[in-house]
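According to mature numbering (1 follows the signal peptide of the UniProt record, and there is no 0), the sequence shown holds residues -21 to -1, 1 to 399 in order.
Mixed in with the good hints, there may be bad ones.
Unchecked claim - With a straight-line Cα cutoff of 25 Å, these simulated DSS-like cross-link-like pairs (lysine-lysine) come out:
| # | residue 1 | residue 2 |
| --- | --- | --- |
| 1 | K34 | K19 |
| 2 | K304 | K317 |
| 3 | K19 | K292 |
| 4 | K164 | K122 |
| 5 | K65 | K272 |
| 6 | K257 | K317 |
| 7 | K293 | K122 |
| 8 | K341 | K139 |
| 9 | K35 | K257 |
| 10 | K13 | K293 |
| 11 | K223 | K210 |
| 12 | K210 | K34 |
| 13 | K139 | K168 |
| 14 | K293 | K19 |
| 15 | K13 | K292 |
| 16 | K122 | K168 |
| 17 | K378 | K399 |
| 18 | K341 | K223 |
| 19 | K395 | K122 |
| 20 | K223 | K34 |
| 21 | K35 | K382 |
| 22 | K272 | K223 |
| 23 | K122 | K292 |
| 24 | K257 | K210 |
| 25 | K210 | K293 |
| 26 | K292 | K304 |
| 27 | K257 | K341 |
| 28 | K210 | K164 |
Calculated from the structure, these hints are not laboratory results.
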Amino acid sequence: MRKKIVSALLCLAMVAGLVTGCSGGNSSSSSDNKKDSGGKEEVVIWDYFETDAQKKMMEDILEGFNSSQDEYEASHVYVPFADYEKQLTLGMASGELPDLVILDGCGMASFIQMDLFGDVSDADIAWDEYLEGPMASTMADGKHYGIPFATNCTALFYNKDMFDAAGIEYPNTDTTWEEFREMAKALTKDGVAGFGNAATGTDEGTFQCLQWLYTAGGDYQNIGDGIDAYKLMQEMVSEGSWSKDCVNWTQSDVNNNFVAGNLAMQQNGPWQIPGIEKDAPDLNYGVTVLPKKDANSEQATSILGGENMGAVKKDNMDGAIAFMKYYDQTDVMVNAMKEYGSFPPKTEAAQDSYWTDDPIQKEFIQQLTTSIPRGPSASWPEYSDAIQTGFQEVMTSAKTPEKAAEDTQAAVDKVKASEK
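Given the sequences, and given the hints that come with them, work out the whole structure.
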C-alpha cells in the first residue's frame, strides 16, 4: 500500500511540476554532505517561515549553532507553505532534498510512511523530556524521526466585561459542558453570541472541532463514542448560543468577532494574542482551559498545532543530528520560542517564567498537558475531510447527531481500510 501511495504522490507532484515549474532556488537546496569554502560540512534546512520575527528566529538559531562548533555550517531555504508538501514530494523524486525539514506536525506521519525521514532513535536526544503529544507526532512504530520544534493548542478566551455585566462567574478549570452551555446561553443577547469557534470545512476546522469529540469520549477513528459532542454542538447552535456562522469561519474570523464584541467566548490559540494586544489593547479578557464533559471527567483535551523538525534519510545524517541536538538544549529552545510566539515542546523549557508568570500564557501551558496530535496518520487529510464533513452536517442540522455519527464512521472506516 505504501508503494502505491508514494507512486501516486510522485506522479501528481511531477505533473504539477510540469504545469507550474519548480520554485526557484530549490535545486540549490540539495545537501549531499558538501563542504563550504571553510571546509565545514553543510547542513541545509527547509522551512516556510514568513514573518520578520520567524525569520529572525531562524537566523539566530543558525548563528548560534554555527558558532558553537567547527564541523558544520547550517543554512536555511524558504519554501512557501502552500507549495511545501509538493516540493518535498518533488524533492524525493529528484533527489534534491535538504538535511532537515521543519513542517506542520500533522503532516509528518505521511512523509515518514513515504520514507522521507531517517530513523534517529540512537541520537543523544532527551526524548523523555518532551511533552507526550508533540513527541508522538514525530514517531512511528516506536522509532524517532525527528523532534518537535514548536507546539501550541487552542483554549477558551472569555470577555470579562460581558461576564461581569451578566453577573456570571468566569469559566475555569472545573467548568463542565453543562455550565459552559448555561454561560453561553445567558450571554447570548443584543447581537452577541455566547460562543464561537472555527468550524470551516477544512483541516483548520478539524483542528478546532475535533477536541469536542475527544472530550466526549470518541477519537478520530471511533466517532460514535463521541456522539455527545455532536448533540452539544447541534443543540447550542439551535439555541443561538454557539454561532451558526462558525461553519464558514476561519480562526482569524473567530478572533475578529471576539475582538469586535460579537462573541462572549471563543476557542482559539496563542497566536491571536499579539493581534489582540495591537488592535484591542483595552479588551478585558481572560483565557482558561476548554470545558470538560462533566464533574467526574479529567481536564478536556485540546488538539496540537505547531511544527516538527525531521531528519531527511541519507547515508550520512550526522549534521542533521548535530543540529537537532543543539536545538534540544533548553536555553536555545526557550529563546527561539520567545521570538516565534509559540511554546517550547520540552517540559522543562515550557516551565520558563516567560510563560508561567503570564496569566494568559500559563493557561495554554496547562491546556498543552492534555493536548494530542491530529492522528498521527499517513492518511490524515482523508480522515480530516470525513470528520469535518460530519461536524458541518451537525452544526447546520443537515443530519441528526445519530445519522451524522453513523455516516462519518462509515467514511472513516473507508479511510482506515485503505491503509491496509
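A quick look at each hint next to the structure:
1. Under the criterion of a C-alpha separation no larger than 25 Å, the hint pairing K34 with K19 is consistent with the structure, at around 23 Å.
2. Between K304 and K317 the CA atoms are separated by roughly 19 Å; this keeps the pair inside 25 Å, and the hint holds.
3. A threshold of 25 Å between alpha carbons decides the hint, and for K19 with K292 the separation of about 20 Å falls inside it, so the pair holds.
4. With a C-alpha separation of about 47 Å, the suggested pairing of K164 with K122 is violated against the 25 Å cut-off.
5. Restraint check for K65 and K272: the C-alpha separation of about 40 Å exceeds 25 Å, so the hint is violated.
6. About 17 Å separates the Cα atoms of K257 and K317, which keeps this hinted pair within 25 Å; it holds.
7. The suggested pairing of K293 with K122 holds, with an alpha-carbon distance near 16 Å, which does not exceed 25 Å.
8. For the given pair, K341 sits about 18 Å from K139 by alpha-carbon distance, which is consistent with the 25 Å threshold.
9. For the proposed pair K35 and K257, the alpha carbon gap of about 20 Å is at most 25 Å, so the pair holds.
10. Distance hint between K13 and K293 is fulfilled; the C-alpha atoms sit about 13 Å from each other, no more than 25 Å.
11. About 15 Å separates the Cα atoms of K223 and K210, which keeps this hinted pair within 25 Å; it holds.
12. Restraint check for K210 and K34: not satisfied, since their Cα atoms lie roughly 44 Å apart, outside the 25 Å limit.
13. Taking the CA atoms of K139 and K168, the gap is about 16 Å. The hint holds against a cut of 25 Å.
14. Note on K293 and K19: the hinted pairing holds, with a Cα-Cα distance of about 18 Å set against a maximum of 25 Å.
15. Between the alpha carbons of K13 and K292 the distance comes to roughly 16 Å, so the proposed pair stays at or under 25 Å and holds.
16. Between K122 and K168 the alpha-carbon distance is near 52 Å, which puts this suggested pair outside the 25 Å criterion.
17. Between K378 and K399 the CA atoms are separated by roughly 30 Å; this puts the pair beyond 25 Å, and the hint is violated.
18. The straight-line distance between the Cα atoms of K341 and K223 is roughly 31 Å, outside the 25 Å bound, and the hint therefore fails.
19. At roughly 22 Å between alpha-carbon atoms, K395 and K122 fall within 25 Å of each other, so this suggested pair holds.
20. Among the hinted pairs, K223 with K34 is inconsistent with the structure: their alpha-carbon atoms are about 38 Å apart, more than 25 Å.
21. This hinted pair does not check out: K35 and K382 have alpha carbons roughly 50 Å apart, beyond 25 Å.
22. Between the alpha carbons of K272 and K223 the distance comes to roughly 22 Å, so the proposed pair stays at or under 25 Å and holds.
23. Taken as a hint, the K122 and K292 pair is honoured in the structure, with Cα atoms around 13 Å apart against an allowance of 25 Å.
24. A distance of roughly 37 Å separates the Cα atoms of K257 and K210; the hinted pair therefore is violated under the 25 Å criterion.
25. Between the alpha carbons of K210 and K293 the distance comes to roughly 49 Å, so the proposed pair goes past 25 Å and is violated.
26. With a CA separation close to 17 Å, the supplied pair K292 and K304 stays within the 25 Å bound.
27. The straight-line distance between the Cα atoms of K257 and K341 is roughly 20 Å, inside the 25 Å bound, and the hint therefore holds.
28. Proximity of K210 to K164 is assessed by CA-CA distance (about 16 Å); at most 25 Å being required, the pair is judged to hold.
Taken one by one, the earlier hints fail for this structure at numbers 4, 5, 12, 16, 17, 18, 20, 21, 24, 25, listed in ascending order.
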